[in-house]
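Given the structure of chain A, go ahead and fit chain B onto it with the hints provided.
There are 2 protein chains.
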Amino acid sequence: MEHYSRQMEALMEELGKLPGIGRKTAGRLTYHLMNQPEEAVEALAGALVAARKNVRFCRCCCTLTDQELCPICRSDNRDRSLIMVVENPRDLAAYERTGRYQGLYHVLHGVISPALGVGPSDIRLKELMQRLQEEAVREVIIATGSTLEGETTAMYISQLLKPGGILVSRIASGVPVGGDLEYIDEITLYRALEGRRAL
Amino acid sequence: MEHYSRQMEALMEELGKLPGIGRKTAGRLTYHLMNQPEEAVEALAGALVAARKNVRFCRCCCTLTDQELCPICRSDNRDRSLIMVVENPRDLAAYERTGRYQGLYHVLHGVISPALGVGPSDIRLKELMQRLQEEAVREVIIATGSTLEGETTAMYISQLLKPGGILVSRIASGVPVGGDLEYIDEITLYRALEGRRAL
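As given, the protein sequences belong to chains A and B, one line each in that order. Position 33 (the first sequence) corresponds to 32 in numbering that gives the first Met the number 0; numbering is contiguous. Position 28 (the second sequence) corresponds to 27 in numbering that gives the first Met the number 0; numbering is contiguous.
In isolation and in its complexed conformation, chain A is listed as follows (with noise of 0.2 Å):
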């Protein structure tokens, strides 16, 4: 028997289909919600058909935006010459965050991964090496994360490019900051120790 209405079961049904959110969650937010102001749930509502509605692919990084080419790629203060590849725009904005790299992106939307059969083909390769033959790239820089189809696609990309010439580098593993060692995993205190530096 349904205790709410037939309106807030439906809410719920799809707040529950949201990563992360199961049903108690949902049930949660849809009581919060039918506590606030019609309007500001009337803003959510608005808020994500504009979003979901105009958003596109920037039509040089992929990354996703709402313009042909997204704010990064328009602007006149960044690096052109250096290209940091990263698996979604996610990642991006996590560099970002940083405030301390001033080159472009190329976003892949996804890594290889044959266990998903997911192809070099089915991420935005393509598109990277059309850039590539296009503007003059000093570096490119592989910041896939560092799980095995991270570095599978970092591989492969690093194949793929060094023939052109083109510098292409990989973030580095390691230790993260403020980690202690004795919480840290043996593969990353291995690469931790392989890619020390002299000081």
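Note that these hints are calculated values from the structure, not bench results.
So, partial list: chain A residues that the calculated Cβ filter (under 7 Å) puts toward chain B:
hint	residue
1	Met7
2	Ala9
3	Tyr30
4	Met33
5	Ala44
6	Ala50
7	Arg51
8	Leu63
9	Asp65
In silico BS3-like cross-links for lysine-lysine, where the CA-CA straight-line distance does not exceed 27 Å:
hint	chain 1	residue 1	chain 2	residue 2
10	A	Lys52	A	Lys16
11	B	Lys16	A	Lys23
12	B	Lys161	B	Lys125
13	A	Lys23	B	Lys23
Covered stretches of chain B, as calculated for chain A (at least 3 residues, CB under 8 Å):
hint	region
14	23-35
15	46-58
Every residue gets a Cβ at the ideal spot worked out from N, C-alpha and C, and that includes glycine.
For chain B alone, kept in the frame of chain A given last:
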């Protein structure tokens, strides 16, 4: 500098206002939603607006519903002489999930909390008193939480109702079913001892 689109940033901000959803989760949800079909996002937005627009308090038990009377108050299969007083519609839903309670409910929409400045007139107690005058009620079960505020509210209601000669009861406090004694706090253990029953 914004790295997504303005509309995605706006959506992230709206999602970040929800309880338990921080900046990172909002980003993850936004990214997920941008990868969903447009119709799916519109369905969520529509559910939000429809639910909020039509939500109201049940004229009888004060739970949230979209009709004058909620499905439980409208039902012919419930024992109308029994009223369970709960803090909010989620607690009502929790008891409904047990499938074992056949009476009606009364939703207070809060608890008395002197610390937060919530007095008896700020919760739906007046509506409960009115119901008790109009209907033939045999027993009122107080099912507010076993927090300090929940207990205070239970006490207050019981003192209010006792002169009227209605049986007032309180749900049992004790060890949760399947609970390992080792991990249960002292107050709960004491309550379980105090509330022991002969076998």
